[in-house]
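So the sequence lines, in the order shown, correspond to chains A and B. Taking the numbering used here, the leading residue of the first sequence gets 1, the next gets one more, and so forth. Taking the numbering used here, the leading residue of the second sequence gets 1, the next gets one more, and so forth.
It is worth saying that the hints were derived from the structure and are not from the lab.
Computed footprint of chain B on chain A, listed as stretches where at least three residues anywhere in the stretch have a Cβ under 8 Å from a Cβ of chain B:
#	stretch
1	107-116
2	120-130
Partial selection, computed: residues in chain B whose CB lies under 7 Å from chain A:
#	residue
3	Arg88
4	Leu95
5	Val107
6	Gly113
7	Ala114
8	Val233
9	Val268
10	Met274
If you're wondering where the values come from, they're calculated on a predicted model, not measured in any experiment. Note that the Cβ used here is the ideal one computed from N, Cα and C, for glycine as well.
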Amino acid sequence: MDGAHGSPSRPGFAAWAVIMALAALAVWVLGVDYALAQAAFVATWAIAGLGVVLVVGQCGQVSLGQGALLGLGAYAQAVFALRGVPAQLSLPLAIALGAGGGWLASLPARRLGGLYFAMSTLAFALVVEEALVRWESLTRGAAGLAVPPLALGGWVAETPLAQALVACVALALAWLACRRWAASRLGRAWRAVREDEIAAAAAGIDVARAKTLAFVLGGGLSGLGGALYAHWIGFVSPEQFGLMLSFELLMLAFIGGARHLSGALWGALVVVALPQGVSLAVERLPPGLAGAAGIEMALFGAVLVILVLLRPGGLAGSR
Amino acid sequence: MTTVTLIQVFASGVATGCVYGLVALSFVLIYKATGAVSFMQGELLMLGAFVVLALHEAAGLPLGAAVTLGVAALAACGALLERTVLRRTLGPAHLTALLLTFGLGMVMRGTVGAVPAASHAMHRLPLPFAGASVRLGGATLAAEHLVVIAATALLAGALTLFFRRTRAGLALRACSENAGVAALMGVSVAGMHTLAWALGAGLAAVAGVLLAPVTFIHPNMGLVALKAFPAAVLGGMTSLPGALAGGVFIGVVEALAGLALPEGMKDVVPYLLMLAVLLLFPGGFAAGLRGRP
Chain A
1 MDGAHGSPSR PGFAAWAVIM ALAALAVWVL GVDYALAQAA FVATWAIAGL
51 GVVLVVGQCG QVSLGQGALL GLGAYAQAVF ALRGVPAQLS LPLAIALGAG
101 GGWLASLPAR RLGGLYFAMS TLAFALVVEE ALVRWESLTR GAAGLAVPPL
151 ALGGWVAETP LAQALVACVA LALAWLACRR WAASRLGRAW RAVREDEIAA
201 AAAGIDVARA KTLAFVLGGG LSGLGGALYA HWIGFVSPEQ FGLMLSFELL
251 MLAFIGGARH LSGALWGALV VVALPQGVSL AVERLPPGLA GAAGIEMALF
301 GAVLVILVLL RPGGLAGSR
Chain B
1 MTTVTLIQVF ASGVATGCVY GLVALSFVLI YKATGAVSFM QGELLMLGAF
51 VVLALHEAAG LPLGAAVTLG VAALAACGAL LERTVLRRTL GPAHLTALLL
101 TFGLGMVMRG TVGAVPAASH AMHRLPLPFA GASVRLGGAT LAAEHLVVIA
151 ATALLAGALT LFFRRTRAGL ALRACSENAG VAALMGVSVA GMHTLAWALG
201 AGLAAVAGVL LAPVTFIHPN MGLVALKAFP AAVLGGMTSL PGALAGGVFI
251 GVVEALAGLA LPEGMKDVVP YLLMLAVLLL FPGGFAAGLR GRP
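Can you build the whole structure from these sequences, using the hints too?
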């Protein structure tokens, strides 16, 4: 659903052809299991990206704390899974915790706007990260937690195929929900707030409520994304969910196109594929010439700069 | 906790706070003049420290020359970035400027991190006064801290003179207050934006050089800039003296929190303070000083 003008935006046939070709190439080059594991990551990042698209793209609020909400979901899932709580019970709890965190992070929006509010979400994210480090009895602090595989009743998602399946089903559900929200009265309220808060308020829209709901729903999606991510990666530690992740999610949404739901998927593809491509390329270089992590970061930054300059609407944008 | 300990902790807090304050100053300077939120001040700080280190260690320049040249190089780098890249995102689009500067910061951090010599070892800038200490009454103060404080005071004085006594400073202030009117008065707004970015990058580089004796020089040293945001918010986001004062305040509070509060609180206190200030005084403590850079 198009966020910008309310007209439907379907990724065109060409776009789908490109995705299919890339997927086929990935399977052919990397092997089926590896490609499926990466597909699980793409779908999971896309879920988290949808949360950012709701907050940033639809409602127009700059959130620098989305990574912390992902962390809340991931830690909730890890802690519950370690205590043997089945996923059908713990996933809703992780989503609820992410939504609750989103509600908390959105409280300053009642008084602050724009940059000041962005700063408050930054503070929120840093406080959450520190809390995850310090609450050692629950989170084991900086040492992190090992996360068992996802268990739904008797069925355990251990193979890459099962993980990709779960992630894609979750993404499909999240996508349908976002489509409904964006097309509803609430979605129109979000876009009105994004374009002009005063005009939106004058038109009878409860601006504070619209912002809060964007954060609650976006936070719930982040919680879901974080919970699935914890299972796929198998290990959570506080520094994974720091400020860098919040920015990575913003970048994901922006690279893909924050105003379109499909931007989350495009951005997730780039965010997952780029490091893989870079590490493949660096392996070809003589060893000791350059650090792979540094090149990866520099390339990410360059892609972001180029996209912001040349394609401000993102990959899914029409401009 | 004796008075002597308190004085020593206080001095180290002021010194760290001076670095926060300088970074916050550069951030606010750019924000006021161009409306752009710069998330790459930390990376400019890191780059400045590395450039000075490279000029001193690898090129063999004396320290004074290396610092002067390094800061000038960073100022030129800031001006160049403004001319080529940042100029295209003028205006109130916070998110665009934020992502653009963050991307540029990633490029800087990644590039420095990809150089094995820079990323595989911690570096220290060899200073003549490193490790020395001054006894004042009963308290022992580290020479590095005193030098940082003195250098910041000098820099603040020079900046005040620049803003009050020079035509360029006046033009920059006019541009920050009202770009449209400044343009009508014959001020080149685009030129002032370039100047603001050059000054901002140069200030960040100075902060990097001042931070170098306190911590090591490494690719992630730019993280210190995260403490500059609370400092800038405390100062009301638009006040230059407020930013500097906010930085010193954050530094002192952080040092005292490390002394008095349980471990870990030290790192959170600046952000809790920032949240409190944002909610209670949305205009910042220094709202009264607004408009007087």
